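Put chain B on the given structure of chain A with help from the hints.
Protein chains in written order, with the numbering used here: chain A, 160 to 845; chain B, 19 to 217.
Calculated from the structure, these hints are not laboratory results. One or more hints might be untrue.
Selected chain B positions facing chain A (in silico; Cβ < 10 Å) [as the list claims (entries may be wrong)]:
hint, residue
1, Phe54
2, Tyr57
3, Leu138
4, Thr144
5, Trp146
6, Ala147
7, Val150
8, Ser152
9, Ala154
10, Asp175
11, Gly176
12, Thr189
13, Tyr205
14, Ile208
15, Arg209
Lysine to aspartate or glutamate pairs mimicking EDC-like chemistry, simulated, CA-CA at most 20 Å apart [to be verified]:
hint, chain 1, residue 1, chain 2, residue 2
16, B, Lys198, A, Glu212
17, B, Lys202, B, Glu171
18, B, Lys202, A, Glu200
19, A, Lys287, A, Glu212
20, A, Lys220, A, Asp242
21, B, Lys202, A, Glu181
22, B, Lys198, A, Glu334
23, B, Lys201, A, Asp187
24, B, Lys202, A, Asp178
25, A, Lys287, A, Asp242
Just so it is clear, the structure is predicted and the values come from calculations on it, not from any experiment. Every residue gets a Cβ at the ideal spot worked out from N, C-alpha and C, and that includes glycine.
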Amino acid sequence: MTAATEPPTAYVPDYRLGDSYEQASRIDAAGLEALCPSYLELTAEEPRYTGAELLGRGATKEVFRSFDTRTKRWVAIARLRPDHGLETYDRFIHEAWINSSLNHPNIIGIHDLGVAEDGRPFFTMDLKGGSTLADLVRSAQPPALHELLGIMIKVCDAVAYAHSRHTLHLDLKPENIQAQAFGEVLVCDWELGRITGGDDEQAGPPPDPGGLPLGDLVDSHSLTGEIKGTPGFMAPEQAQPGGHKDARTDVFALGCILHVILTGESPLRGVPHEEQLARTRAADFGSPRRRFPQRLIPASLEAIFRRATARDPDECYASVAALRNDLANYLAGYATAAEQAGFLREAALLVRRNRLSTAILLLALVALTVTSVLFVQKLDQQALQTRAEKSRAATLANRTIELQNLFQQQSAESKKSARNLAESIAGAANSMKNLGIFTDPVKAIDEAGNLIAMALLLDPTCDAASVVQLNLKCLTLDFRAVLASPAISDEHPLPDFCEIARIAPDFAFNRSSRPSAGQLAGFLRAASAVRPERGPMIERAISYDVAARTDFTGYPEVVGALLAYVNPGWSEAGFQYDPATKELALSSTIGLQLVISRAGGSGKCLLRLTPVYSLRAAIVGPVDFAGLDQMPIIVLDIQDCPQASFSGDLSLPLLSELYVHQGAFDPDDLHRRIQAARPFRIIEVP
Amino acid sequence: MPVSTTRSTRHTLISRACNTGDEAAWVEFDRIYRRFITYVLGQIGVARDDCDDLTQQILLTLTRDLPGYDRDKGRFRSWLSAVIRHAALAHLRRSRSEQARLSMVETDLSNESRDRASDLDERIETEWATYVASLAMERVRSQFQGKAIEVFELGLDGVALEEICARTGLTAASAYTLRKRVKKRLYLEIRELIRNLEP
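If we strip away everything but chain A, and leave its shape as in the complex, we get (with noise of 0.2 Å):
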């Protein structure tokens, strides 16, 4: 009576609320219901759970469908099945205790604990939909690897932070796995559970005692002799009475449940009821790949696999989250720890999950060809030729769209190498060089180089990006970096480029650094000894050379090699220059090509290197003049070109006078087929 020490506290009445009690001890039923129903409900002695529904039975417990009539919500309940006694009171009891000391979005809750009518305990919790991993696995529609995937790393998600709690499942298996649509995923079935001493390195805040007797429910399983555990999921040590338990042993569990995402079975699925332990001891699954060919396992999955199930604890995952970051990263394209994965893997992984900056890369080079087209149509505005331009132009996109189809391709297929993605951008750098080098040669060398680079980047052995990087170190006349070149080798002699390049080894330019035009010219007269037919590359380098170059001294001697070049046994003095009057007298006693119309030069007079004014023409041989279209020429004498003709029309804008024998030509034909900016002079000389 200790109470009665306490002096009560003045008291005074207030008499106005005397009839209250009465009113209030006078309101029937009736009046209480429509005052509070609910709160009549909830003080009703009632049983608080209503209907039991069986929804399945385990080794130890049946769960029930029941309505909770105080939280108004369907429940699972679980109570003991009844043909359990009193000794198996407390393990139940542990097993809520454990998953209630748990929350987790991937663990299932606990909602009560008690003690039914009977006497015999029972635990509610969440109510999901009832399928399980397993039974999505099984279903004759299983969702798609990635979607299991997904599940897959909530259940590690789950599994590592109760690790974290210092709580160890040791029962994980599709099974005790909830798993509904909208990617509800739920770790259940905590039985096996147990709590470790928590002195292990993976540290994390021991779990809140919160009245939990933490060394009641450490010691209440470790009943030596007992194997539990379900075969095909247990690990070794579970197989062995008494063997030491740790997070391990739950990764070695969801490896298993990988098997079964990945093959649609158990491990152990058709060994022998007497094998399964020993098979389970000696941790002996075998290849899934090898086992089951038809599914197309990934092999860096299988790896995960491996690596979770190995029995050497170095070879096998330290930790869940480790094989939770394995799985993650395969998910998100990364190599993973367990494949060891080599270069070429990475290259193609990189390719397979920076889709975005892939397609950024191909977005450049569309961009890149509109402005290139762009470029042409303004360069060209006035010429015909714009036209062969465009449908190069086209080509290139056409090519890029290919491209990218190509690349979407492998995206999907994610079967394809990176090497396939280099030699197209390789192929793409080389269109790009080839649109431009009459046009832009600066630009289209440089971005054709950047293109070339990232080729290189994603497969550095890829030899098609190696040789358009020699063409374009020729074109650049850098013949050192040529023939220093790892491309080339006895295997691959390249000998179009080496050759090229053995004739001025020490040239080592690039867009700054020029040659003169003597050292350009004795090139010419050289190369033309030694590689004559290589003329659309000789006019590519000369072109991106009058692009880059800033000083013309001299230059028209490299035009006139260039001619030669073309032309062989046309001898160079047929070339006078004068630089002052841009006056030139071409004088030649055989037949002269003035365009490199085979496959890869410009189609256009390789005389508007320089530019001419005047030109008076000596030939004696077959000439074409309509190769002039374009030139800037003022003033045009032809008169003593015996074969001169115009294979088709052309575009001389600046024409004023033209000089032919009388006779040659019909003065009509040609002004139909000479353009002018303005009306122009025919003088027939006798």
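Quick look at chain B alone, frame taken from chain A:
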């Protein structure tokens, strides 16, 4: 298979205090009853010095007899009043005879009629009703903010609704709603107290 929890809602304060030996429940039960009995004894005229002893004595009686209380025998209030009346009158008789011996003043208590006894019972019953309602009101006060309590108390004092509106600046509808809400709360609290304090 219906499942009910063992800790039924019927396990009220009074049953926990008197039947199950729940110490905390008994302390709470004792506190509430002691406050009332002390007050009533004072009203009846028991000397202040004697109140504590007599209260203790009545509480012991209550603790002893409450578990056997039969609801069918009549209202709990009447029974409670009778217990307090008997104890008080017995005490008064004792102290008056002592006083008589000391002061030689003879007072005849035998004239106390049945009417006086029932008057006293009625008074104690009213005090109990007021006590429970006042305790309930204490709880209600803490549950409302603003002008709700003020409106309700003005109503208790018999102030007309129009006047209440004028004094509080509330509309008739608001005042009416507030008063009703407090009243409902008060009734619920009273019922809850009755459930916990009366067998």
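**Prompt:** What hint numbers does the structure not satisfy?
**Reply:** 3, 12, 16, 22, 25
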